[in-house]
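Model the full structure from these sequences, guided by the hints.
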Amino acid sequence: MKQARLYKRVLAYLVDMVVINIVIVSPFKPVINKIISTSDLYQIYSFLLNNPSQTMSLIKISITIAILSLFYWSILEFKLKQTIGKMLFQIYVTTQNKKLTFSQCLIRNLTKTFFIILLIDSITIIGKKQRISEMISKTYVEE
Amino acid sequence: MKIKIIVWTLVILFTLSYSLSKVWDIKETTNQIVIIPITGTITTELTSSLMQQKETSSTAILNYLDLAQRNPNIKGVLLEINSPGGTVVASKEIADKVKQMNKPVVSYIREIGTSGAYWIASSSNVIVADPLSITGSIGVIGSYLEFSQLLEKYGVTYQRLVSGSYKDTGSPFK
Numbered sequence: 000m001k002q003a004r005l006y007k008r009v010l011a012y013l014v015d016m017v018v019i020n021i022v023i024v025s026p027f028k029p030v031i032n033k034i035i036s037t038s039d040l041y042q043i044y045s046f047l048l049n050n051p052s053q054t055m056s057l058i059k060i061s062i063t064i065a066i067l068s069l070f071y072w073s074i075l076e077f078k079l080k081q082t083i084g085k086m087l088f089q090i091y092v093t094t095q096n097k098k099l100t101f102s103q104c105l106i107r108n109l110t111k112t113f114f115i116i117l118l119i120d121s122i123t124i125i126g127k128k129q130r131i132s133e134m135i136s137k138t139y140v141e142e
Numbered sequence: 017m018k019i020k021i022i023v024w025t026l027v028i029l030f031t032l033s034y035s036l037s038k039v040w041d042i043k044e045t046t047n048q049i050v051i052i053p054i055t056g057t058i059t060t061e062l063t064s065s066l067m068q069q070k071e072t073s074s075t076a077i078l079n080y081l082d083l084a085q086r087n088p089n090i091k092g093v094l095l096e097i098n099s100p101g102g103t104v105v106a107s108k109e110i111a112d113k114v115k116q117m118n119k120p121v122v123s124y125i126r127e128i129g130t131s132g133a134y135w136i137a138s139s140s141n142v143i144v145a146d147p148l149s150i151t152g153s154i155g156v157i158g159s160y161l162e163f164s165q166l167l168e169k170y171g172v173t174y175q176r177l178v179s180g181s182y183k184d185t186g187s188p189f190k
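Protein chains in written order, with the working numbering: chain A, 0 to 142; chain B, 17 to 190.
The set of hints was computed from the structure by calculation and includes no laboratory data.
Keep in mind it's a predicted model, so treat the numbers as computed, not measured.
Incorrect hints may have been included.
Distance windows between CB atoms, simulated [claimed, not checked]:
hint, chain 1, residue 1, chain 2, residue 2, range
1, B, Lys70, A, Lys28, 42 to 52 angstroms
2, A, Ile125, B, Lys108, 36 to 46 angstroms
3, A, Gly126, B, Lys91, 53 to 63 angstroms
4, A, Lys28, B, Lys108, 41 to 51 angstroms
5, B, Ser153, A, Phe113, 40 to 50 angstroms
6, A, Asn49, B, Ile19, 43 to 53 angstroms
7, A, Glu141, B, Ile19, 17 to 27 angstroms
8, A, Lys28, B, Gly152, 37 to 47 angstroms
9, B, Glu162, A, Asn49, 48 to 58 angstroms
10, B, Lys108, A, Gln89, 55 to 65 angstroms
11, B, Glu162, A, Ile43, 30 to 40 angstroms
12, A, Thr54, B, Ile28, 26 to 36 angstroms
Sample of chain A residues facing chain B (criterion: CB under 10 angstroms; computed from the structure) [said to hold, decoys possible]:
hint, residue
13, Lys1
14, Ile23
15, Ile83
16, Leu117
Don't be surprised by glycine CBs; every beta carbon is placed ideally from N, CA and C.
In structure tokens form, the structure reads like this:
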């Protein structure tokens with residue numbers, strides 16, 4: 000077994016993001032649209048700054064989406080070693096240990112909840128074919 | 017077996033998302049006052065540039081006013097104005113919308129509320145401003161010098177070649 004190629008991992012991630020958008024984010028869309036009705040970041044920022052109750056709602060929603068997304072990746076990888084995206088591209092998660100634990104799944108997916116942190120986490124993926132969080136959790140993605 | 021696990025996971029996550037979206041809905045708090053900032057130049061659409069001056073888009077303000085109008089838990093709107101005005105159409109759009117609001121709208125002018133910004137403020141129910149705030153600068157003013165008697169004295173006549181009776185209204189020669 001060899002480690003999964005980068006394009007497969009990126010495409011699998013994008014498929015998972017679509018699934019998450021449909022299953023987890025879409026129920027929150029009506030609430031988010033009530034708060035954010037413009038694409039201008041400055042205007043959103045100044046509106047939120049002046050409306051603490053709406054800001055609190057948005058923070059709660061963001062945290063909820065992040066936690067539920069983390070569970071999507073962690074539960075499926077723990078149970079099946081694959082998410083829907085990984086299934087489509089026939090890649091799966093393995094570990095040095097005999098069996099993948101739930102905490103390993105949680106640690107390796109923690110950075111996926113914040114896109115900017117995920118980018119930083121992925122710095123090592125080109126050379127070592129492993130994200131930093133994968134090194135910490137001692138997990139690999141193979142094909 | 018795999019499909020069963022996937023379906024169950026997705027169903028549980030969707031149910032949780034749906035339930036929590038109802039819990040976090042902003043309707044949960046009542047008697048809210050929405051504060052809508054109107055800052056910088058008022059335009060219909062924002063120009064996208066990193067070095068741009070502060071701008072307010074009338075489209076966004078109209079959306080926020082619509083939101084306030086429709087939400088029964090929002091009892092009033094506070095327009096926080098700090099703007100020298102902007103384009104005529106954008107200012108008028110917001111002023112018209114403020115007039116149509118069925119909830120109290122209060123304008124609070126901070127540093128400056130002039131021209132189109134004052135037009136918007138004047139459409140609200142109450143205007144609050146600091147004694148040192150710059151307000152006003154609204155309306156139309158026009159003036160001209162009138163030479164007709166001087167021209168008459170020297171035998172100079174003024175011939176009108178106009179298509180309408182008001183085209184040369186401001187002419188100093190008649």
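Hints versus structure:
Between lysine 70 of chain B and lysine 28 of chain A, the C-beta spacing of about 29 angstroms breaks the proposed range 42 to 52 angstroms. About 55 angstroms separates the C-beta atoms of isoleucine 125 of chain A and lysine 108 of chain B, a value inconsistent with the hinted range of 36 to 46 angstroms. Taken as a hint, the range 53 to 63 angstroms holds for the pair glycine 126 of chain A and lysine 91 of chain B, whose Cβ atoms sit roughly 58 angstroms apart. Between lysine 28 of chain A and lysine 108 of chain B the Cβ separation comes to about 32 angstroms, which falls outside the hinted range of 41 to 51 angstroms.
For the hinted restraint 40 to 50 angstroms between serine 153 of chain B and phenylalanine 113 of chain A, the CB-CB distance of approximately 46 angstroms keeps it satisfied. A hinted range of 43 to 53 angstroms holds for the C-beta pair asparagine 49 of chain A and isoleucine 19 of chain B, which are about 48 angstroms apart. The hinted range of 17 to 27 angstroms is satisfied by glutamate 141 of chain A and isoleucine 19 of chain B, whose Cβ atoms lie roughly 22 angstroms apart. The beta-carbon spacing between lysine 28 of chain A and glycine 152 of chain B, approximately 43 angstroms, falls within the hinted interval of 37 to 47 angstroms.
Range check, glutamate 162 of chain B to asparagine 49 of chain A: about 51 angstroms between beta-carbon atoms, so the 48 to 58 angstroms window is met. Taking 55 to 65 angstroms as the suggested C-beta distance range, the pair lysine 108 of chain B and glutamine 89 of chain A conforms, at roughly 60 angstroms. The hint said 30 to 40 angstroms for the Cβ distance between glutamate 162 of chain B and isoleucine 43 of chain A, and at roughly 54 angstroms that hint is violated. In this structure the supplied range 26 to 36 angstroms holds for threonine 54 of chain A paired with isoleucine 28 of chain B, their Cβ-Cβ distance being about 29 angstroms.
Taken as an interface hint, lysine 1 of chain A does not check out: its beta carbon lies about 23 angstroms from the nearest beta carbon of chain B, beyond 10 angstroms. Against a cut-off of 10 angstroms between C-beta atoms, the interface hint on isoleucine 23 of chain A holds, since the closest Cβ of chain B lies about 5 angstroms away. The interface hint given for isoleucine 83 of chain A holds, since its Cβ lies 7 angstroms from the closest Cβ of chain B, which is under the 10 angstroms cut-off. For leucine 117 of chain A, the suggested interface contact is broken, since its CB lies about 20 angstroms from the closest CB of chain B, more than 10 angstroms.
Hint compliance for this structure: hints 1, 2, 4, 11, 13, 16 are not met, and every other hint is.
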